[in-house]
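There are 2 protein chains.
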Amino acid sequence: MSQLVKSNRSNRRGQSRSQKRENLSGAVQIIPGVRREIPTYELLSDEGLDLIEQNAALILKEVGVEFRGDPDALKLWRAAGADVKGERVRFEEGLVQSIIARSGRRSFIQHARNPKRSVELGGNNVVFAPAYGMPFVHDLDAGRRYGTLTDFQNLIKLTYASRWLHHSGGTICEPVDQPVNKRHLDMVYAHLRFSDKPFMGSVTTPERAEDSIEMARIVFGREFVDKNCVIMGNINMNSPLVYDRAMSGSLRAYARANQCPVVVPFILGGATGPVSMVAAVAQSLVEVMVGVALGQLERPGSPAVFGNFLTSVNLKSGSPTFGTPEPALGSFAAAQLARRIGLPLRCSGAFTSSKLPDAQAMQESVTSLYTALLCGANFILHAAGWLEGALTIGYEKLVLDADYLGAAHTFLKGLPVNFDKLALDAFKEVGPGGHFFGCAHTLAHYETAFHESELSDTNSFENWMDAGQLDSAQRANRYWKEVLDLYEPPPLDIAIDEELQAFMTNRKKNMPDIWY
Amino acid sequence: MSQLVKSNRSNRRGQSRSQKRENLSGAVQIIPGVRREIPTYELLSDEGLDLIEQNAALILKEVGVEFRGDPDALKLWRAAGADVKGERVRFEEGLVQSIIARSGRRSFIQHARNPKRSVELGGNNVVFAPAYGMPFVHDLDAGRRYGTLTDFQNLIKLTYASRWLHHSGGTICEPVDQPVNKRHLDMVYAHLRFSDKPFMGSVTTPERAEDSIEMARIVFGREFVDKNCVIMGNINMNSPLVYDRAMSGSLRAYARANQCPVVVPFILGGATGPVSMVAAVAQSLVEVMVGVALGQLERPGSPAVFGNFLTSVNLKSGSPTFGTPEPALGSFAAAQLARRIGLPLRCSGAFTSSKLPDAQAMQESVTSLYTALLCGANFILHAAGWLEGALTIGYEKLVLDADYLGAAHTFLKGLPVNFDKLALDAFKEVGPGGHFFGCAHTLAHYETAFHESELSDTNSFENWMDAGQLDSAQRANRYWKEVLDLYEPPPLDIAIDEELQAFMTNRKKNMPDIWY
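Line order of the protein sequences matches chains A and B. Numbered by our numbering, the letters in the first sequence go through residues 1 to 516 in order. Numbered by our numbering, the letters in the second sequence go through residues 1 to 516 in order.
Any given hint might turn out to be false.
All copies of an identical chain are treated as equivalent in the list; a pair is satisfied when it fits inside any one copy or across any two copies.
Below, in silico cross-link-like pairs of lysine to any residue (SDA-like), each with a Cα-Cα straight-line distance of 20 Å or less [claimed, not checked]: (1) K413 to E42; (2) K75 to R90; (3) K508 to R217; (4) K481 to R144; (5) K316 to Y446; (6) K509 to R183; (7) K85 to E429; (8) K413 to E47; (9) K508 to R183; (10) K413 to L51; (11) K508 to T204; (12) K61 to I341; (13) K428 to Y446; (14) K413 to Q29.
Since the hints were made in silico from the structure, they are not lab data.
Sequences are here, hints too, so could you generate the full structure?
What follows is the structure in structure tokens.
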């Protein structure tokens, strides 16, 4: 077989720039999400799920949720029949569920500016997006430092170039060199200019959410945006049981525009939630349902994603921990509950506490990501790049995780059983003690038989030595530089680009810089 | 909370040697296997499993299996009604299944010389054992080199010291400095002298298998051994569809002594099996069932383990690949088939192609090990230490994997749902916007709420910097040295030790050294 096909290595020599890009880049091969053909993993029994739902109903009724600084939200809740006292809202059994059941959507399309990259959220569809919200960036050369707009753009380019990341994400890192009140414009512009994949806008204030949506309108057209989802906002609520104005206001801004809030609790067991994962799952259910229902009150039928973010805490040091077994179990349970409600699910990601793209990083990240694949998540944010408990995104980590997502594509396709796959003739041809390398079945299938990683080294020890004895992070370091070097932006209509820039310039002109 | 309990770090200062051992070592805390309280993952439908079984039946009937150089095996098959032509044996539908069903055991105890460490194989029990069969060893200081008897003993000591490894394994590395025909004696002695966990003997010839069993008889008593399983032999058959004399003879030696053969195909898709995983699973079923049935013909009612070892091949280079998605899927299917037969299952492990304990190593190893946990494996050989496609065992890799097995213990316990776990009072006490650190539920549970890794760093970036900016392999390097330094052997009766040594001396004296 080794004579039949030249190795990747020798193939790469003498390639044209476009051939190289084709090998490295998803700009050529478009994969708009992947369908999960394997069953979900059902951890809890129906009885267990019932108990969690009953507990959630008691929390909704007896403890309630606070909406702080958002009188419009309180008004909507009052009109819907909730019990509103001050900023505290309590909910009779079944109220939020019935609001969601009445108008919540089981699945929807998020349109990309390149229609081939539009993704479906819900059902058996799985969409991978990179890490979100990190103030720091890391690479092997410069180590860890605050993220800049250049980092932001680089990371969007790397995400664009990976065929395995279907979605451009949102705040892939905080561009800390830009004013706090203006950087959302630069971020949304970077997604629209340097990628043509679907993306997420700002949520840090309702006004910035509206700016983000307005920029999407420039690209997609006002009318199209009113009827279709083209942008998401990641609404991280203030667990436990609080929505502040920034979050509920931004949530309502997305819903009002018929765009998609991803409603996500932020539960660190023992800190912003109980130390018991089962209780944290009930809390998660309460917090998400209330947020999703608020979106439906703002605009019935608007899209929404059921988010889940659970983790544990090292109770000796108080540090959050990631990729540990308890949140994996919790994610399975939360996913089962999300399926009962019937909303698209965001769950888990490539989580780790590690500061480096090392063994620990991948022990934790793969635990977390494998869980996401099996629990039935539809939208896997943080699927690539995450380091240090969401404080850092790593260049090497991003491409290593994205490479793993390639394997995940194969995994999600499952194991079809049919006559050709059973290959009885191959056994007859080869017989006891024979070799399958040259048999007809192998020759017919070898090119597509197995997924091949671009970054894992499967060479002999001697070849690996000759190639410089690199560990996988060092290979990833070479890889992302090669990808950035070959990057070419997707086309964008000049008039639209100018309109986007004019909008930004105008918005920036009218605000003084704020740096905190 | 951080005031309530001192960190691990400060606790460790000023500890006595025995306190340090208690923290580091499983010699104090004995965990004889772990029960899986979570459901298995059922990848294939009954129809899919039926098709694979039908294909296996056709392979058994039309292609058959060869037993080379083992006339006694052919005699047993002839007597059992199989179709024997030369060394080829073909099986009418249902023959091997009925032999297994008649006398195969659904579960059994493997006794350890310390009765507290005896393990149950089968049912929902899970037993973790270290890597097996590697000619090379690796550590960060000395790099990769051939294994020696000192390495063998060190690795057995590290395995003994890990509370998460229930089993001492077998050929943890090849002690290449010992003659090929004598090293099995040194290996079995090391398991018996430096550990008191259950272990595996030699399989490289039937005579060495018998030597291994004879040494077990010295320790456990001849009569006890005849009635109870105290030693296993890992029978790697010569896939496709061949047992040579070394393997079928050793298999029969273990069965004859009422000891346990672990019957394992060695299927590299595209080389020793077809490129289609579904077909490889059918092949696996054929090869294992024939081996297990042969053991039952040799001695009805003897214990056996259904083994499964599938992997893929990089069809460009011909290198085997590990921790990839296809064998993960294949393992789920093979495990479903093993459950239909009702035998204890050995499946998967911490597989990787990586030469180093790096990100790649753990991307692949965790994929493979997580699969083993969910597929329902009872005996997970290669659960710790594996590097470079089974060519190398790593000191750092061993302790990093073993640490991950700690998390696996928590994962396997699942998520019980009950009144206390639901913690409704905690929500009432804390309320919206509160903090769970100090609430009654947290105070009652914080010490046991979350599994804590010994090797993962969850500190702040600043604390991690102060501690030397070590990656996880570097921390593992410090850790295994500390464990070896604190190692103390379990007690062994002096008379028994002398008898073991006399047996070895005598056997060695009567053979010239063989080095190939």
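Cross-check of the supplied hints:
1. Taking the shortest Cα distances, K413 and E42 sit within 20 Å of each other both inside one copy (18 Å) and across copies (15 Å).
2. In this assembly of identical chains, the alpha carbons of K75 and R90 lie at most 20 Å apart only when taken from the same copy (13 Å versus 78 Å across copies).
3. Proximity of K508 to R217 under the C-alpha cut-off of 20 Å is restricted to the intra-copy arrangement: shortest distance 18 Å within a copy versus 84 Å between copies.
4. In this assembly of identical chains, K481 and R144 lie within 20 Å of each other by CA distance solely inside one copy; the values are 17 Å within and 30 Å between copies.
5. For the homomeric pair K316 and Y446, the shortest alpha-carbon distance between copies (9 Å) is at most 20 Å, but the shortest distance inside one copy (52 Å) is not.
6. When the C-alpha separation of K509 and R183 is checked against a cutoff of 20 Å, the pair qualifies only within one copy, where the shortest distance is 13 Å, while the shortest distance between copies is 80 Å.
7. In this assembly of identical chains, K85 and E429 lie within 20 Å of each other by CA distance solely across copies; the values are 18 Å between and 78 Å within a copy.
8. Taking the shortest Cα distances, K413 and E47 sit within 20 Å of each other only across copies (18 Å), while inside one copy they are farther apart (30 Å).
9. For the homomeric pair K508 and R183, the shortest alpha-carbon distance inside one copy (9 Å) is at most 20 Å, but the shortest distance between copies (76 Å) is not.
10. Taking the closest pair of Cα atoms, K413 and L51 come within 20 Å of each other only across two copies (19 Å); inside a single copy the shortest separation is 33 Å, beyond that limit.
11. Taking identical chains as interchangeable, the C-alpha atoms of K508 and T204 lie at most 20 Å apart only when both belong to the same chain, with a minimum of 16 Å there against 76 Å between chains.
12. In the homo-oligomer, the alpha carbons of K61 and I341 lie at most 20 Å apart inside one protomer (19 Å), although the nearest pairing across protomers, at 50 Å, exceeds that limit.
13. Within a single copy, K428 and Y446 get their C-alpha atoms as close as 19 Å, which meets the 20 Å cut-off; across copies the closest is 60 Å, which misses it.
14. In the homo-oligomer, the alpha carbons of K413 and Q29 lie at most 20 Å apart inside one protomer (18 Å), although the nearest pairing across protomers, at 42 Å, exceeds that limit.
Violated hints are absent here; each numbered hint is respected by the structure.
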